[in-house]
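**Student:** Chain by chain, the residues run as shown.
Protein chains: 2
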Amino acid sequence: MRAHPLPSSFDSASVVPVFAYGAALGEWVSVLGEEHVIDDSAVLSGAGAATFHTTASVKAILRPGTREEVQEVVRIANRHRVPIYPFSSGKNWGYGSRAPVQTGVLVDLGRLNRIVDFDEDLAYVTVEPGVTQRQLYEFLQARQSRLWMDATGASPDCSIIGNTLERGFGHTPMGDHCANACGLEVVLPTGEIIETGFSRFGGATTAAIGRWGVGPSLDGLFSQSSLGIVTRMSLWLMPAPEAFQAFFFSCKDPAGLPAIIDSLRPLRMNGTLRSISHIGNDYKVVSAAGQYPWDDMRHETPLGREAMARVRKKLGIGTWNGSGGLYGTRAQVREARRQVRRALKGKVDRLQFVDDRLLALMARFATPFRLLTGWDIKRTLKVIAPVYNLLKGVPTSETMASTYWRKKTPPSARPDPDRDGCGLLWCSPVVPNTGAHVAAVTQLASDVLLTNGFEPQISLSLATERTVICVITISYDRAVPGQDEQALACYRVLTEQLLARGYPPYRLNVGSMEYLARDAQEYASALRALKKTLDPRGILAPGRYDAAPTSAAEPSASAFLKAGTG
Amino acid sequence: MRAHPLPSSFDSASVVPVFAYGAALGEWVSVLGEEHVIDDSAVLSGAGAATFHTTASVKAILRPGTREEVQEVVRIANRHRVPIYPFSSGKNWGYGSRAPVQTGVLVDLGRLNRIVDFDEDLAYVTVEPGVTQRQLYEFLQARQSRLWMDATGASPDCSIIGNTLERGFGHTPMGDHCANACGLEVVLPTGEIIETGFSRFGGATTAAIGRWGVGPSLDGLFSQSSLGIVTRMSLWLMPAPEAFQAFFFSCKDPAGLPAIIDSLRPLRMNGTLRSISHIGNDYKVVSAAGQYPWDDMRHETPLGREAMARVRKKLGIGTWNGSGGLYGTRAQVREARRQVRRALKGKVDRLQFVDDRLLALMARFATPFRLLTGWDIKRTLKVIAPVYNLLKGVPTSETMASTYWRKKTPPSARPDPDRDGCGLLWCSPVVPNTGAHVAAVTQLASDVLLTNGFEPQISLSLATERTVICVITISYDRAVPGQDEQALACYRVLTEQLLARGYPPYRLNVGSMEYLARDAQEYASALRALKKTLDPRGILAPGRYDAAPTSAAEPSASAFLKAGTG
Numbered sequence: 001m002r003a004h005p006l007p008s009s010f011d012s013a014s015v016v017p018v019f020a021y022g023a024a025l026g027e028w029v030s031v032l033g034e035e036h037v038i039d040d041s042a043v044l045s046g047a048g049a050a051t052f053h054t055t056a057s058v059k060a061i062l063r064p065g066t067r068e069e070v071q072e073v074v075r076i077a078n079r080h081r082v083p084i085y086p087f088s089s090g091k092n093w094g095y096g097s098r099a100p101v102q103t104g105v106l107v108d109l110g111r112l113n114r115i116v117d118f119d120e121d122l123a124y125v126t127v128e129p130g131v132t133q134r135q136l137y138e139f140l141q142a143r144q145s146r147l148w149m150d151a152t153g154a155s156p157d158c159s160i161i162g163n164t165l166e167r168g169f170g171h172t173p174m175g176d177h178c179a180n181a182c183g184l185e186v187v188l189p190t191g192e193i194i195e196t197g198f199s200r201f202g203g204a205t206t207a208a209i210g211r212w213g214v215g216p217s218l219d220g221l222f223s224q225s226s227l228g229i230v231t232r233m234s235l236w237l238m239p240a241p242e243a244f245q246a247f248f249f250s251c252k253d254p255a256g257l258p259a260i261i262d263s264l265r266p267l268r269m270n271g272t273l274r275s276i277s278h279i280g281n282d283y284k285v286v287s288a289a290g291q292y293p294w295d296d297m298r299h300e301t302p303l304g305r306e307a308m309a310r311v312r313k314k315l316g317i318g319t320w321n322g323s324g325g326l327y328g329t330r331a332q333v334r335e336a337r338r339q340v341r342r343a344l345k346g347k348v349d350r351l352q353f354v355d356d357r358l359l360a361l362m363a364r365f366a367t368p369f370r371l372l373t374g375w376d377i378k379r380t381l382k383v384i385a386p387v388y389n390l391l392k393g394v395p396t397s398e399t400m401a402s403t404y405w406r407k408k409t410p411p412s413a414r415p416d417p418d419r420d421g422c423g424l425l426w427c428s429p430v431v432p433n434t435g436a437h438v439a440a441v442t443q444l445a446s447d448v449l450l451t452n453g454f455e456p457q458i459s460l461s462l463a464t465e466r467t468v469i470c471v472i473t474i475s476y477d478r479a480v481p482g483q484d485e486q487a488l489a490c491y492r493v494l495t496e497q498l499l500a501r502g503y504p505p506y507r508l509n510v511g512s513m514e515y516l517a518r519d520a521q522e523y524a525s526a527l528r529a530l531k532k533t534l535d536p537r538g539i540l541a542p543g544r545y546d547a548a549p550t551s552a553a554e555p556s557a558s559a560f561l562k563a564g565t566g
Numbered sequence: 001m002r003a004h005p006l007p008s009s010f011d012s013a014s015v016v017p018v019f020a021y022g023a024a025l026g027e028w029v030s031v032l033g034e035e036h037v038i039d040d041s042a043v044l045s046g047a048g049a050a051t052f053h054t055t056a057s058v059k060a061i062l063r064p065g066t067r068e069e070v071q072e073v074v075r076i077a078n079r080h081r082v083p084i085y086p087f088s089s090g091k092n093w094g095y096g097s098r099a100p101v102q103t104g105v106l107v108d109l110g111r112l113n114r115i116v117d118f119d120e121d122l123a124y125v126t127v128e129p130g131v132t133q134r135q136l137y138e139f140l141q142a143r144q145s146r147l148w149m150d151a152t153g154a155s156p157d158c159s160i161i162g163n164t165l166e167r168g169f170g171h172t173p174m175g176d177h178c179a180n181a182c183g184l185e186v187v188l189p190t191g192e193i194i195e196t197g198f199s200r201f202g203g204a205t206t207a208a209i210g211r212w213g214v215g216p217s218l219d220g221l222f223s224q225s226s227l228g229i230v231t232r233m234s235l236w237l238m239p240a241p242e243a244f245q246a247f248f249f250s251c252k253d254p255a256g257l258p259a260i261i262d263s264l265r266p267l268r269m270n271g272t273l274r275s276i277s278h279i280g281n282d283y284k285v286v287s288a289a290g291q292y293p294w295d296d297m298r299h300e301t302p303l304g305r306e307a308m309a310r311v312r313k314k315l316g317i318g319t320w321n322g323s324g325g326l327y328g329t330r331a332q333v334r335e336a337r338r339q340v341r342r343a344l345k346g347k348v349d350r351l352q353f354v355d356d357r358l359l360a361l362m363a364r365f366a367t368p369f370r371l372l373t374g375w376d377i378k379r380t381l382k383v384i385a386p387v388y389n390l391l392k393g394v395p396t397s398e399t400m401a402s403t404y405w406r407k408k409t410p411p412s413a414r415p416d417p418d419r420d421g422c423g424l425l426w427c428s429p430v431v432p433n434t435g436a437h438v439a440a441v442t443q444l445a446s447d448v449l450l451t452n453g454f455e456p457q458i459s460l461s462l463a464t465e466r467t468v469i470c471v472i473t474i475s476y477d478r479a480v481p482g483q484d485e486q487a488l489a490c491y492r493v494l495t496e497q498l499l500a501r502g503y504p505p506y507r508l509n510v511g512s513m514e515y516l517a518r519d520a521q522e523y524a525s526a527l528r529a530l531k532k533t534l535d536p537r538g539i540l541a542p543g544r545y546d547a548a549p550t551s552a553a554e555p556s557a558s559a560f561l562k563a564g565t566g
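As they're listed, the protein sequences go chains A and B.
The first sequence runs 1 to 566 under our numbering.
The second sequence runs 1 to 566 under our numbering.
Hints are supplied without guarantee of correctness; some may be wrong.
Said to hold, decoys possible - Heads up, simulated EDC-like pairs for lysine to aspartate or glutamate below, C-alpha to C-alpha not over 20 Å straight-line: (1) A:K532 to B:D253; (2) B:K532 to A:D157; (3) B:K345 to B:D447; (4) B:K314 to B:D296; (5) A:K313 to A:D295; (6) B:K392 to B:E120; (7) A:K313 to A:D262; (8) A:K345 to A:D356; (9) B:K345 to B:D262; (10) B:K532 to A:D349; (11) A:K532 to B:E192; (12) B:K392 to B:D356.
No wet-lab data here; the hints were simulated from the structure.
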């Protein structure tokens, strides 16, 4: 921080009383040092930018380096009633990136980036919030560990704790991140530290592996939450299987999806498919392979159903395109392959099993193969390689390019959708794992998006035996006037319709927290009571998954800030 | 209830002010009707009896029949500040049965016994707290469902919700009950009702299947808890596998355990063993097969190591005796069998795979088989049949007889350890799933129990990939003077030593709640703050997993009751 803190810009939502947090900034500087309190206006404005329009602005960024500094940051925020919004890596793409819900100060936890414990036999690792997917991957490689991590597609720079607490998911048998983590160290909004589960017992040998502990389990309170800052977490890894195969399938018939879902569910239920299979529609696959076909479409949007049918044919992809992994001994994988083949028989147009050897072979003989079969393997490889890697828990940066779908310039070498004005809103209902439900939701989403001028990019993740997480992407170019408003309006219409039909989302964006406890007054009250207890001054990420009324009835830090303006 | 409430006995711990809850009883009668407010002294004294010495007494039993009546019961308790202790079926054997932590009123939820939802495709069922294992089993049978439930050994009359909330576990792939349940309906201590996860959204199609919901997950707050009364829960079932086999093994060498654990862990980790395998020591198996050998031991206790070696030889059992289940397609089970055989080769003395056909055959040809091989199949069958059933999710009442181990009269036809003075205390540390840790804990437990005059009955449940729940049984005869004290003293010594070595328990008994947050002051404060928020008058099961100081520093219902005595 240079000299005196002077906010560079005022947002329309709240005029921040400089005098109210000036003192707080001074105290933060004395604790963290000037270099770790950032008030450069360009940096702040960049930090507040998401992939859609947000209203709150960032007044400073604090970069504590230790748990104790996090505690001090929180205590100072309490004394001055200044809202703070912690983030780990800020790769909360499509849901708000680093942007706060209300105007306040960001707390960047990236400097807490130690891997503090690791056990090869018990297959776990204990990390701080700054530890990224890449860091863990490289750590395991360097140790020649035989353990695999799970990876999400968000980018190698994505924080593991951040993604887990947002309930992100990946592709391996450890893909339900929240279900494979425990032993949280949490700085409460008042500055005390607690450890959850068995980790609260000094020297507990089960701190990193026993999920429930004894007594009420508090872990759930701190995911998708503003009730504490998680400064340490243990997560579980999987031993590399003796054998691994990926499978890829495609189905041309738009009406073919329900039969596929109903065929895969029994395999998910009986343990044959132990990981999270993903199915993407044509729009999803096309956006992964390149940008909007501006020329072919004569610069008109959206890409309608007929146009997509042409693209589909040209690229040789299906309306529905799936992937999954088979993990186990050689015999287990052989049997799983038999099961998958039998289940999908007659329901898909192409089913391909791929392993390391075949992948190498395909790359080598792509051209002659195409001459023989007509199948353009190179294009296929480009699309499947990142997925194949993710199925093995290898982080990839390939997925980021798809956020540039509607841009008229190509993705930069180091893609950054926040910086580059990529419009991206994710609406992500959870859907029962049956063909009928999945068909209903995908149909609804397609209709709403096309009607509102967007391509319905849809991915279906068979997240658990019983549920499918349907991620509907609203992709646009923020540089086009009016698109921000149009996208948000579309998001709202879609969310409302999904709620009305019984499909609430698994995750919300920073601008849509009002859906948290829709029509559940007593639940909202209970959540607010818990918030009030743990965060009496309402300084920790107010508005974030806390069921606070939109027009604050109860006094909170942000209300105080507003009241404080002269 | 007859006439005016007059407590029949006073316990030493607290003198209950009759006038304070007389009014409450009157109101409860007006809400529930006389037949559902029980104050018969014999019934109350029976309801307060556990399988070990408890200090609190039961002043009345309330039997609400609906969720609304539960709410009324709670509101009345609040108005009069009377502590209420809900139970579902009260089969919390070894941890306190129905007995309250402090003197108060029991709330029997047994009349809420509806199965309110069921889905064959998505494999779930939604139940009320009175629904027992037997009831669900018969429900599935009657529907000719192809779904299997998980069952715990506690008895067919055990409540499913009760067991799940106490974090009980079973033997199938759905054996971690808490991990396979969601969508709680909870009457809060102030009488409001909330629904957790997606069930708070009206008409959510994912209410019974989506574990996390959106926003902070509250489910964990209500297990091993005094923060709410769960009146509805959904739990997941598994499709009956195409093939099933059980396996049983035994190992004579007392030092053979670590190698077995280290051989099974990789199979648990790689998905070959998808369910909870159990290993019992010799004492555990012997107590399951019959009562203490009083005559052989000339009425002396305990059964020392040398004596046990003789019994072991005579019965042909191992020092360590294990069981597990293989579930899947025929090919998957065949491969799992191959894996188990290879893993245990050279580490066990006997390994037997059993399926329905073999079991029938064994029963038929037991006698000739014994002549040929010397193996007493009938005795084996008696021990393995209940385990075999549990591995298929079939509840059994066979396990109850073992609680009569030290009694001098045989188990009654309808065993009831509370009524019959069976001494039973369970100390249940969670242990990392490695040979070294498991060996350390079993050695420690054996030493402590034998030194204190008890047989170390030990079971090891490979509860998750990374943890083993070690249940150490202190079994005795409550009718023998001094044994109650001796058993509790032994329990305390054992728990202290386990804590000191880093092995906290997964579950506590009603008299040992002080271990909940040992040496974790900030954690205890946070828990107390949550309790105070949700239960401001401290009327719901005070002292139960709530980290309340033993000498109540904060005002609570029980403190009020004590203060209220003239």
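**Student:** Look at each hint and say if it fits the structure.
**Tutor:** Right, here's what the structure says about each hint:
| no. | hint | verdict |
| --- | --- | --- |
| 1 | A:K532 to B:D253 | violated, 58 Å |
| 2 | B:K532 to A:D157 | violated, 41 Å |
| 3 | B:K345 to B:D447 | violated, 29 Å |
| 4 | B:K314 to B:D296 | holds, 12 Å |
| 5 | A:K313 to A:D295 | holds, 18 Å |
| 6 | B:K392 to B:E120 | holds, 18 Å |
| 7 | A:K313 to A:D262 | violated, 26 Å |
| 8 | A:K345 to A:D356 | violated, 24 Å |
| 9 | B:K345 to B:D262 | holds, 13 Å |
| 10 | B:K532 to A:D349 | violated, 60 Å |
| 11 | A:K532 to B:E192 | holds, 18 Å |
| 12 | B:K392 to B:D356 | holds, 11 Å |
In summary, the numbered hints that this structure violates are 1, 2, 3, 7, 8, 10.
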